[in-house]
Amino acid sequence: MTQHSPQQTRADLFLPDFCGIQMVFATLVVGELLALILTLDPASQQHGGWQDLALISLFIQWVALSSIGCLCLLRRVLERIGNIPAAVVSYTVILLITLVVSEIAYWLFLPQTQLGGIQLNWLFEPGAGGLGDPRAVAPNLPYHGEFVLRTLAIGAIVGALTLRYFYIRHQWLVRMESETQARIQALQSRIRPHFLFNSMNTIASLTRSAPALAEQVTEDLADLFRVSLGDARVATQLGQELHLCRQYLRIEGHRLGNRLHSGFQVEGVPENARLPGLTLQPLLENAIYHGIEPAAGGGEVRIEGHFEAQRIVLCVSNSLPAERHAGRRDGNQMALDNVRQRLDVFFAGQASLQASEADDRYRVCMEFPYWTGTDAVP
Amino acid sequence: MNARNLKILVVDDEPLARARLKSLLADLDAGEVVAEAGDGHGAILAAQESGAQVVLLDIRMPGMDGLEAARHLGNLHTPPAIIFTTAYDAHALAAFEANAVDYLLKPIRRERLRTALDKTRGLNPVQLRELEILKDPGSVRSHVSATLQGNLKLLPVADICYFRAEHKYVTARHSRGELVLDEPLAALEEEFSGQFMRVHRNALAAQAHIRGLVKAVGGGHWLVFEGIEDRLEVSRRLLAQVRRVLR
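Same order as they appear, the protein sequences are chains Z and H. 1 is the number of the first residue of the first sequence in my numbering; add one for each residue after it. 379 is the number of the first residue of the second sequence in my numbering; add one for each residue after it.
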């Protein structure tokens with residue numbers, strides 16, 4: 001489905017898009033903050049804060065901007081290889097860039113230390129240098145190896161923190177998305193508006209001709225909507241769900257008259273079994289919407305249940321209308337996906353839902369473990 | 379129109395919905411319910427037999443739905459005024475609003491019904507075509523229709539072997555004869571693109587009815603159909619395409 005593709009690309013890679021101008025700006029700001037922290041360290045004061053800040057900023061921005069530049073260029077590769085390799089690759093990239101920049105900086109600053117005495121001493125303890133070493137010219141300059149190791153260590157720590165931050169942010173985004181999705185699905189699982197208004201019309205008609213029936217339809221409709229408007233994530237008992245289905249069928253029976261035939265075969269299925277609310281009713285609604293409403297001659301819907309080896313199988317089936325070739329009604333898949341996902345969440349992956357077409361009947365079967373607790377299956 | 383003498387046809391697949399409409403009409407003393415129907419087909423037959431002036435037409439019905447029925451009713455010699463009724467059809471309602479078509483929402487209010495009957499007017503064919511398009515991008519009619527000696531004739535699209543354009547008209551050839559339609563070939567091609575293919579500048583052939591492709595002695599290729607004797611010439615330009623589809 002095309003509507004899932006944008007969120008999939010985001011779910012695939014935990015790293016944000018480094019090519020965007022916003023990312024560049026954020027990197028500049030964070031880099032500058034890091035430079036400030038390093039400059040503020042009272043032990044590292046060498047030349048007046050401003051001079052140090054300028055140098056450190058230059059160094060950090062150099063590393064940071066080169067890193068995001070590289071990650072931007074590598075984006076396509078990173079997307080392909082998956083999260084863990086991408087983390088390894090991006091971490092290596094950051095360390096390599098730190099190393100290269102450190103090397104360049106070391107040799108580039110050498111003449112400056114000679115001329116102006118600008119040093120990167122904030123990083124280092126003063127030590128003795130041998131002949132041939134730049135330190136022979138600028139005694140305050142630290143050893144080459146030490147300088148590179150220190151910058152590498154800082155790069156490693158900051159890089160790891162940044163990647164960790166992106167990872168947690170990504171996890172949070174994914175959770176937010178799935179929660180939103182669940183809420184939307186809870187909304188979608190509600191009864192079709194078409195059914196509500198048709199039922200209202202049925203009541204309006206019955207009010208004159210058969211007030212007692214009108215009363216009953218009103219009560220059934222109220223019960224249905226009480227459940228439908230409640231929290232769809234709350235579990236219900238199978239007995240209640242079956243009762244709801246009977247009420248629903250009664251309303252549709254008034255509306256469709258003798259075009260609707262229905263049958264229940266649920267003996268032996270434990271009524272106290274837990275399942276998410278409104279899982280069977282939408283399937284039944286679907287069966288009527290696709291199987292009975294378009295059929296001029298009417299049809300039959302059937303609910304069957306089996307209980308075996310601590311597992312429950314419930315099937316909703318409908319006869320196929322002879323008119324099905326013309327003007328097929330759509331929207332079936334969405335209801336199925338919705339029920340399937342809610343079963344999956346509630347039964348922690350131990351439930352299944354399958355649709356099949358055989359012998360001129362369309363059948364949807366769900367299977368789930370027998371569970372009597374009030375919470376979702378752990 | 380004088381409301382008292384209106385001849386009204388009530389069309390809805392739900393008996394209770396029809397009963398309610400009839401009792402409302404009786405309350406209003408708005409006219410006489412001359413016939414009832416439970417689907418689009420029945421509506422067209424009943425409209426012709428009863429000579430109804432107003433049709434209260436439900437949109438969602440099994441078989442032929444209200445929108446298609448309305449389109450065929452528009453081909454009648456004296457098309458009745460159509461007032462659509464529906465419980466909930468967001469898509470259709472948007473189309474109605476855009477085309478100033480009368481519609482009533484179920485449960486229907488007595489005052490709204492009275493107002494609608496007072497200002498009844500016929501839908502013109504352009505309006506009806508618009509509705510058909512707006513209804514559902516993927517949907518096609520189940521029938522085509524045309525008036526034949528004053529009677530509306532319905533022809534199931536599934537029975538048609540080919541459409542051929544001649545001068546201003548399009549002929550739909552089927553196993554029992556042919557029907558002259560007042561619709562352009564291009565529109566038919568667009569609507570029934572899944573069932574018919576263009577085989578000539580002036581002809582569309584039903585893929586389901588094609589028996590084969592034969593080469594004529596004098597050159598040229600002709601399509602042979604199941605159930606009818608006459609053949610249809612395939613233009614040279616489209617020959618490769620037709621062969622590909624038939625394979």
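Treat the hints loosely; a few may be bogus.
[Said to hold, decoys possible] Simulated crosslink set (SDA-like; lysine to any residue; CA at most 20 Å straight-line):
| hint | chain 1 | residue 1 | chain 2 | residue 2 |
| --- | --- | --- | --- | --- |
| 1 | H | Lys400 | Z | Met200 |
| 2 | H | Lys593 | H | Glu611 |
| 3 | H | Lys400 | H | Arg490 |
| 4 | H | Lys531 | H | Asp405 |
| 5 | H | Lys400 | Z | Ala214 |
| 6 | H | Lys400 | Z | Ala204 |
| 7 | H | Lys400 | Z | Phe197 |
| 8 | H | Lys400 | Z | Ser209 |
| 9 | H | Lys400 | Z | Ser319 |
| 10 | H | Lys400 | Z | Met334 |
| 11 | H | Lys400 | Z | Arg150 |
| 12 | H | Lys400 | Z | Gly257 |
| 13 | H | Lys531 | H | Arg490 |
| 14 | H | Lys400 | Z | Arg208 |
Simulated from the structure, these hints should not be mistaken for lab results. Small disclaimer: the values here were computed from a predicted structure and weren't measured.
Check your understanding: Quick check: which numbered hints come out false for this structure?
Key -> 4, 9, 10, 11 and 13
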